[in-house]
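Protein chains: 2
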Amino acid sequence: MRRRFISMAVIRRLPRYYRYLNEMLAAGVMQISSRELADRMDLTASQVRQDFNCFGDFGQQGCGYDVAALHKEIKSIIGLDQEYKIVIMGAGRMGCSLLEHFGFERRGFNVLAAFDNNPELFGKSINGVTIHDVKKAEEVCATVRPDIGVLTVPASETKEACAILKKIGVKAIWNFTKGELGVSEEEIVVENVHISDSLMSLCYRLTELEDALYGD
Amino acid sequence: MRRRFISMAVIRRLPRYYRYLNEMLAAGVMQISSRELADRMDLTASQVRQDFNCFGDFGQQGCGYDVAALHKEIKSIIGLDQEYKIVIMGAGRMGCSLLEHFGFERRGFNVLAAFDNNPELFGKSINGVTIHDVKKAEEVCATVRPDIGVLTVPASETKEACAILKKIGVKAIWNFTKGELGVSEEEIVVENVHISDSLMSLCYRLTELEDALYGD
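These protein sequence lines are chains A and B, in that order.
The numbers in this note's numbering rise by one with no breaks, and the one at position 67 of the first sequence is 67.
Heads up, this note's numbering is the position in the second sequence plus 1000, with the first residue counted as 1.
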């Protein structure tokens, strides 16, 4: 299926739809209306219907959506029905924390290897993923090309690490660093993780709560 | 100022506006139109104008927005002009990674202390923040009440850690765990961090890129 042009705003909502549908599946919910889905996601029902229309037609007027079918469809639209191969660039605290807790495998991702320049880490293994000398990245990835590089190096090492990811052929970077990547978005898709956004939302809601509690 | 009801969708966009305005300030941009801002954020210009209208009127028809004024206003709306006091619950890899790299101080947050139940960590300090025995949490926070608790404990310890956060009087939890919190949203505001959303967006864009490159 060739995709129509989809706005970034819709793309950003897909993972949230997918998360909610996952929860509903787990809770045994079979059908959901655009209204209910909209309420859970703080959207309007018409926005939900519009979003799904971007990809085709998978609801019936008046009947709502079949949760399992919608889940499967969105999974496929996001591309999660493929098994992406991942390498981790930088096995410091952030890299190791992801390897330990993120659950790549459970989510359908195959982590091939982690790389670092700290000799003390070489050969160690976290959740079955071995940490290699970054100098051996090309060698390690010679037979299996990774799709996604997770960038968890210090800001000062970003450019160098990126150049290596490019060399070993990754097509996408999941970026946790603050440094300049030095790759063009035409050659490699980059997604920056902005953990701070959710802290700011929390601050807003805290201010709101305090206003409500203590007045002005 | 008492706020009007603001939808969660708008609240979610505030941190992004704030980030972009930060970048513009740093780049010396003085004025920006709703059109330009909309393009950068993958929104429509009318959506941007509507969002800002929720909070008051800070643009002039035809002149665009004053970047510095808008930045200041949004900072205040989010509540970032106050200095929030933070404690970190769980000084494992995730907690320490945040302490090391997140830049709480630079962002205007004051981290009072970190807590853990691993005796090996007691007394250690990361970026000026000391790790204490979680049993001493009440004692450490007796004189200064923290506003926000960052929850970075293993899933199995979530409920217990949450109960302690409640006891020491936090009003908001920035949650990195998968466990059940066991607190009601009326007493404590909770913001869950969903790092996986951005990985899913990346997958979508990677699939799109591959479709474009290799066709169907």
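Don't take every hint at face value.
Stated by the list, open to error - Here are a few chain B residues that face chain A, going by a calculated C-beta distance under 10 Å:
1. Ser1046
2. Gln1047
3. Gln1050
4. Asn1053
5. Arg1093
6. Glu1105
7. Thr1143
8. Val1144
As the list claims (entries may be wrong) - Result set (BS3-like, lysine-lysine): computed pairs, CA atoms no more than 27 Å apart in a straight line:
9. Lys1072(B) with Lys1166(B)
10. Lys75(A) with Lys1178(B)
11. Lys75(A) with Lys136(A)
12. Lys1171(B) with Lys1075(B)
13. Lys1085(B) with Lys178(A)
14. Lys124(A) with Lys1124(B)
15. Lys72(A) with Lys1178(B)
16. Lys159(A) with Lys136(A)
17. Lys85(A) with Lys1072(B)
18. Lys166(A) with Lys178(A)
19. Lys85(A) with Lys166(A)
20. Lys1136(B) with Lys1167(B)
21. Lys1072(B) with Lys178(A)
22. Lys1136(B) with Lys1085(B)
23. Lys1178(B) with Lys1136(B)
24. Lys178(A) with Lys1166(B)
Note that these hints are calculated values from the structure, not bench results.
Small disclaimer: the values here were computed from a predicted structure and weren't measured.
Positions of the beta carbon are idealized from the N, C-alpha and C atoms, including for glycine.
To see whether the hints hold, each was checked on the structure:
Below 10 Å, beta-carbon pairs count as interface contacts, and serine 1046(B) has none with chain A, the closest being about 13 Å; its hint is therefore violated. At a threshold of 10 Å, the smallest CB-CB gap from glutamine 1047(B) to chain A is about 9 Å, leaving the interface hint in force. Checking glutamine 1050(B) against chain A: minimum C-beta separation of about 13 Å lies over 10 Å; hint violated. Below 10 Å, beta-carbon pairs count as interface contacts, and asparagine 1053(B) has none with chain A, the closest being about 17 Å; its hint is therefore violated.
Given hint, arginine 1093(B) at the interface with chain A, holds; its Cβ is 4 Å from that chain's nearest Cβ, closer than 10 Å. Because the closest C-beta pair between glutamate 1105(B) and chain A is about 13 Å apart, greater than 10 Å, the hint is violated. Because the smallest distance between the Cβ of threonine 1143(B) and any Cβ of chain A comes to about 20 Å, over 10 Å, the interface hint for this residue is violated. With its C-beta approaching chain A no nearer than about 17 Å, valine 1144(B) sits outside the 10 Å limit, and its interface hint is violated.
Restraint check for lysine 1072(B) and lysine 1166(B): the C-alpha separation of about 32 Å exceeds 27 Å, so the hint is violated. Distance check on the hinted pair: lysine 75(A) and lysine 1178(B) sit about 21 Å apart at the alpha-carbon level, within 27 Å; holds. With a C-alpha separation of about 34 Å, the suggested pair lysine 75(A) and lysine 136(A) falls outside the 27 Å cut-off, and the hint is violated. Of the pairs offered as hints, the one joining lysine 1171(B) and lysine 1075(B) holds, with about 20 Å between alpha carbons and a cut-off of 27 Å not exceeded.
With a C-alpha separation of about 24 Å, the suggested pair lysine 1085(B) and lysine 178(A) falls inside the 27 Å cut-off, and the hint holds. Between lysine 124(A) and lysine 1124(B), the direct Cα distance comes to roughly 24 Å. Compliance with the 27 Å bound is thereby established for this hinted pair. Between the alpha carbons of lysine 72(A) and lysine 1178(B) the distance comes to roughly 23 Å, so the proposed pair stays at or under 27 Å and holds. Distance restraint check for lysine 159(A) and lysine 136(A): the Cα-Cα separation of roughly 17 Å lies within the 27 Å cut-off, and the hinted pair is therefore satisfied.
Proposed proximity of lysine 85(A) and lysine 1072(B) is contradicted: the alpha carbons are some 43 Å apart, above 27 Å. With a CA separation close to 18 Å, the supplied pair lysine 166(A) and lysine 178(A) stays within the 27 Å bound. A distance of roughly 15 Å separates the Cα atoms of lysine 85(A) and lysine 166(A); the hinted pair therefore holds under the 27 Å criterion. Straight-line distance between C-alpha atoms of lysine 1136(B) and lysine 1167(B) comes to about 12 Å, which keeps the hinted pair within the 27 Å bound.
Our distance criterion of 27 Å between C-alpha atoms is met by lysine 1072(B) and lysine 178(A), whose separation comes to about 23 Å. At most 27 Å may separate the alpha-carbon atoms for a hinted pair to count; lysine 1136(B) and lysine 1085(B) meet this at roughly 17 Å. Note on lysine 1178(B) and lysine 1136(B): the hinted pairing holds, with a Cα-Cα distance of about 25 Å set against a maximum of 27 Å. Pair hint lysine 178(A) plus lysine 1166(B) does not hold up; C-alpha atoms about 33 Å apart against a cutoff of 27 Å.
In the structure shown, a violation is registered for the earlier hints numbered 1, 3, 4, 6, 7, 8, 9, 11, 17, 24, in ascending order.
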